[in-house]
Each structure stands twice: as C-alpha cells, then as structure tokens.
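Engineer: Starting from the given sequences, assemble the full structure and let the hints guide the process.
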Amino acid sequence: MRCDSRFPGGQICPIALRSRSIILFIALLAVETGPMTRPTMGSADPSADGRAERVASIQAALRAAGLDGWLLADFRGRNVLAIRVLRRETEQMGTRRWFYWIPAQGEPVRICHAIEPRCLDGYPGTLRLYAGWRQLHEALRAALQGARRVAMEYSPNNDIPYVSLVDAGTVELIRGFGVEVVSSADLVQQFEAVWTDEQRAMHMEAARKLLRIKDRAFLYIRQALLRGRPITEYDVQQYIWRLYRQEGLVADHPPIVAVNQNASNPHYAPTKTEHAPIRMGDLILIDLWAKLNRPGAVYADTTWMAYAGKEVPPKYAEIFQIVYEAQSAAYDLIAQRFRAGQPVYGWEADEAARGVIRQKGYGDYFIHRTGHSIGQEVHGNGANLDNLETRDGRRLLPGTGFSIEPGIYLPEFGVRSEMDVYLDPEQGPVVTTVPRQTAIIPLLSWRPAGGP
Numbered sequence: 002m003r004c005d006s007r008f009p010g011g012q013i014c015p016i017a018l019r020s021r022s023i024i025l026f027i028a029l030l031a032v033e034t035g036p037m038t039r040p041t042m043g044s045a046d047p048s049a050d051g052r053a054e055r056v057a058s059i060q061a062a063l064r065a066a067g068l069d070g071w072l073l074a075d076f077r078g079r080n081v082l083a084i085r086v087l088r089r090e091t092e093q094m095g096t097r098r099w100f101y102w103i104p105a106q107g108e109p110v111r112i113c114h115a116i117e118p119r120c121l122d123g124y125p126g127t128l129r130l131y132a133g134w135r136q137l138h139e140a141l142r143a144a145l146q147g148a149r150r151v152a153m154e155y156s157p158n159n160d161i162p163y164v165s166l167v168d169a170g171t172v173e174l175i176r177g178f179g180v181e182v183v184s185s186a187d188l189v190q191q192f193e194a195v196w197t198d199e200q201r202a203m204h205m206e207a208a209r210k211l212l213r214i215k216d217r218a219f220l221y222i223r224q225a226l227l228r229g230r231p232i233t234e235y236d237v238q239q240y241i242w243r244l245y246r247q248e249g250l251v252a253d254h255p256p257i258v259a260v261n262q263n264a265s266n267p268h269y270a271p272t273k274t275e276h277a278p279i280r281m282g283d284l285i286l287i288d289l290w291a292k293l294n295r296p297g298a299v300y301a302d303t304t305w306m307a308y309a310g311k312e313v314p315p316k317y318a319e320i321f322q323i324v325y326e327a328q329s330a331a332y333d334l335i336a337q338r339f340r341a342g343q344p345v346y347g348w349e350a351d352e353a354a355r356g357v358i359r360q361k362g363y364g365d366y367f368i369h370r371t372g373h374s375i376g377q378e379v380h381g382n383g384a385n386l387d388n389l390e391t392r393d394g395r396r397l398l399p400g401t402g403f404s405i406e407p408g409i410y411l412p413e414f415g416v417r418s419e420m421d422v423y424l425d426p427e428q429g430p431v432v433t434t435v436p437r438q439t440a441i442i443p444l445l446s447w448r449p450a451g452g453p
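Going by this note's numbering, the first residue of the sequence shown is number 2, and it counts up by one from there.
Since the hints were made in silico from the structure, they are not lab data.
Subject to a maximum C-alpha distance of 20 Å in a straight line, what follows is the list of computed SDA-like cross-link-like pairs (lysine to any residue):
#1 K361 / Y410
#2 K311 / R217
#3 K210 / P296
#4 K316 / E326
#5 K361 / Q322
#6 K273 / Q239
#7 K361 / E326
#8 K311 / I442
#9 K311 / M281
Structural biologist: Dropping the structure here:
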C-alpha cells in the first residue's frame with residue numbers, strides 16, 4: 002500500500018515513521034559496540050579498476066615520500082582537493098563527515114556515517130561505519146594505528162592557502178592520536194594538478210578562442226574610437242563576456258578591462274556603475290580567462306596591452322620591455338633547468354622574473370607573484386611562481402600548467418603581460434597562448450594576424 006510521507010496538516014504518516022525508525026535502529030545497531038567493517042564493493046562500481054589503480058599510484062607516491070599514509074577528509078564538499086584526488090562526482094557528496102585512509106602499505110579504510118554508508122562505494126578498502134562521534138574517533142584511531150607521519154590538506158603557517166582546507170579542529174583530532182600531520186601539498190600537485198591529455202587539449206582550444214576574442218575586443222575598441230562613438234571599459238568587458246557564451250566558454254568572473262590609472266590596480270574590474278571611458282591616447286589592459294564548458298576542463302588565461310593611438314609613447318614601451326624581459330627570465334630558467342634534468346621550484350621562477358624588475362629600479366612596483374598554477378580553477382592547486390606572497394617550495398611538475406605574468410604598477414598606469422605555459426614531460430616548457438605579446442599594440446595602426 003502506498004503511503005505519502007506526510008498527511009495533510011503536516012502529520013507524519015505512521016507507516017513512513019515506522020520504516021524510518023527501523024532503518025535508524027539497524028544503523029545504530031551496526032555501530033553500537035564500535036565501527037562495523039564491510040568488504041570493499043570491488044567490481045560493483047564500473048570504474049572500480051581505475052580507482053584501484055589510482056590508489057596504488059598514491060601508495061607508491063607515499064612510499065617514495067617516506068609517509069605512512071594520506072588521510073583524505075571532507076564535510077559537505079568543503080575539501081575540493083579530496084574530491085578531485087579521488088575523482089569523485091560532486092553529486093555523490095553527502096551531509097556527514099567521511100574519511101578515506103590510504104596507507105603507504107596495506108588496505109585502505111573508508112569511514113562513512115551510518116546514514117550514508119555508500120558515500121565511498123567503489124573505492125578500495127574496508128568500510129567502517131559510525132553514527133556517533135565516539136564511534137568516529139574509534140574508527141579513526143583504529144585506522145591510523147601504527148602510523149606516524151600522515152599527509153592531510155594542511156599547510157604549516159598557512160603558507161599555501163590553496164592546500165590548507167582541513168580545519169584546525171580535525172588536525173587537532175588526528176594529532177591527538179599521536180600522529181604527525183604533514184602537508185599533502187606535493188601529493189595534491191601530483192594527483193590533482195597534473196593535466197590529462199584531454200585537459201591539455203581543452204586548454205589549448207580555450208587558449209585559441211581567448212586570443213581570437215582578444216583581437217575582436219581590440220578591434221571593437223578601435224572601431225568605436227575611429228567612428229567617434231563613446232565606449233567604456235564596461236562596454237568592452239560585456240562585449241567579451243558575450244563572446245565567451247558564443248564560443249562555449251565559461252569563467253568565474255567577467256574579464257578585466259582597465260585604462261591608464263585603473264591598470265595600476267592588478268585586480269581592478271569595471272562595473273555597470275563604476276568604469277572609465279576609453280579615449281584616444283589611453284593605455285588599455287585586457288586580462289581574460291576562461292575554459293570550455295565541459296567536465297574537467299582547465300582554464301586558459303592571458304593579458305594583453307594596447308595603446309589607443311598610432312605610436313606607443315616611449316615610457317609605456319620602456320616599461321613593457323622590462324616586463325617582457327622579466328617574463329622571459331622566468332621562462333628561460335624553467336627551460337634551462339628542464340634541459341639539464343634539474344628541478345625548478347616555484348619560488349625560483351618568481352625570483353628570476355622579480356630580479357629583472359628589481360634591477361631596473363621598479364621592484365617596489367611589482368606587487369604580486371609572477372605566476373599561478375592553472376587547473377579547473379583559473380588559480381589552480383599546483384605550484385605557483387611565488388616568492389613574495391608565499392615562498393612556494395613546490396617543484397614545477399611535468400604535466401602541469403601555469404601562468405607567467407609579471408607586472409609593473411606605477412601610480413599613473415600599470416603594465417602586465419601574461420602567457421600560459423605547459424611543462425611538457427618530453428619537450429619542456431611550451432607557451433600555449435601564442436602568439437606571445439612582444440610589444441604594446443598601437444591600436445590605430447595595428448593589423449591582427451588574419452584580420453582586417
């Protein structure tokens with residue numbers, strides 16, 4: 002007999018209530034005397050073989066790093082890195098805490114709440130269910146028995162905020178079991194930031210589309226100026242935003258279009274109510290980033306400069322040349338190290354670029370890191386080119402992508418040049434946003450490749 006969950010007036014149906022009570026009783030019975038174990042689902046999940054292979058790769062990396070295991074933890078989707086590392090679908094997320102213990106040796110352990118026992122179905126390992134906090138603590142203590150150094154999404158002193166996603170209370174809990182919690186930053190980079198072949202192809206397609214959109218945006222500005230039609234930063238931003246949709250691109254925020262003094266603010270963005278007009282003689286910065294509207298797509302990100310005139314003033318050209326040389330210095334260091342078979346770390350690439358700008362006397366006007374990791378978010382979770390905001394000691398890994406975007410921000414104007422680089426495991430660093438900008442575009446005398 003069918004019974005709706007509620008009668009008119011909000012009263013709970015007795016049959017539904019009885020059924021729920023039985024389910025809850027069974028769940029509580031399973032954990033009354035401690036966590037219940039259950040064999041892994043194995044081949045019940047169609048992707049179980051791939052997940053087992055991934056876990057085996059993680060275990061090999063743990064052994065190489067001298068770690069006893071990696072404890073992945075999440076509550077309501079807050080730890081996006083744990084989700085990405087496991088390659089889980091976000092719709093699988095539940096409402097209770099789950100933990101996945103991957104030891105360097107031996108069988109993993111899945112810890113799930115009794116009302117969400119299938120939250121880690123298809124992943125290798127023994128299943129332990131809990132209902133109350135005491136059972137959860139017991140399950141964690143048992144899983145971590147004998148472990149000394151355990152990786153979690155934690156960063157000492159919050160040095161790498163992208164990785165610092167496990168809350169302090171959970172870290173305290175794990176430390177209370179006599180375990181040393183260390184950062185999973187290097188593991189995250191290896192298992193989340195490295196692009197697949199498909200992701201690289203999607204990045205390249207997005208990069209090509211962005212560069213075409215960039216050309217169309219500059220032509221849009223030029224046509225307005227030549228026809229004497231008023232145009233603003235906001236007009237251009239919204240024009241680019243519409244082109245994104247036409248090209249099947251998505252982004253977390255509209256692009257940056259900034260002129261003159263506004264370009265001195267690296268993260269300036271025009272709005273409908275606050276924007277500047279674009280006039281003849283203005284210096285124009287356009288920073289645009291987007292990705293294909295497909296699952297797993299990674300971003301492309303580029304910044305270009307133009308001058309609303311026929312000839313770029315010497316001061317603008319001089320500052321851009323310094324920025325270009327700084328960008329080249331970072332790229333050249335990465336390329337040289339790759340050819341020599343030597344690692345290069347994020348902070349070193351930053352110093353290579355920053356040193357050029359510092360030597361020219363503009364060090365105080367370079368107020369952000371040299372570049373950032375690129376992934377499914379425009380600011381990804383791999384190594385950043387940074388020795389200013391943080392000291393990123395992570396190695397730039399083959400198979401990852403990142404931007405190189407030094408800038409000089411003077412009170413009256415700002416200059417930035419940004420290109421994306423993929424660190425090909427065979428070829429070394431490859432610029433993906435090509436052509437690379439080598440000088441500020443003189444808008445009124447400029448002819449884009451293949452354009453009018």
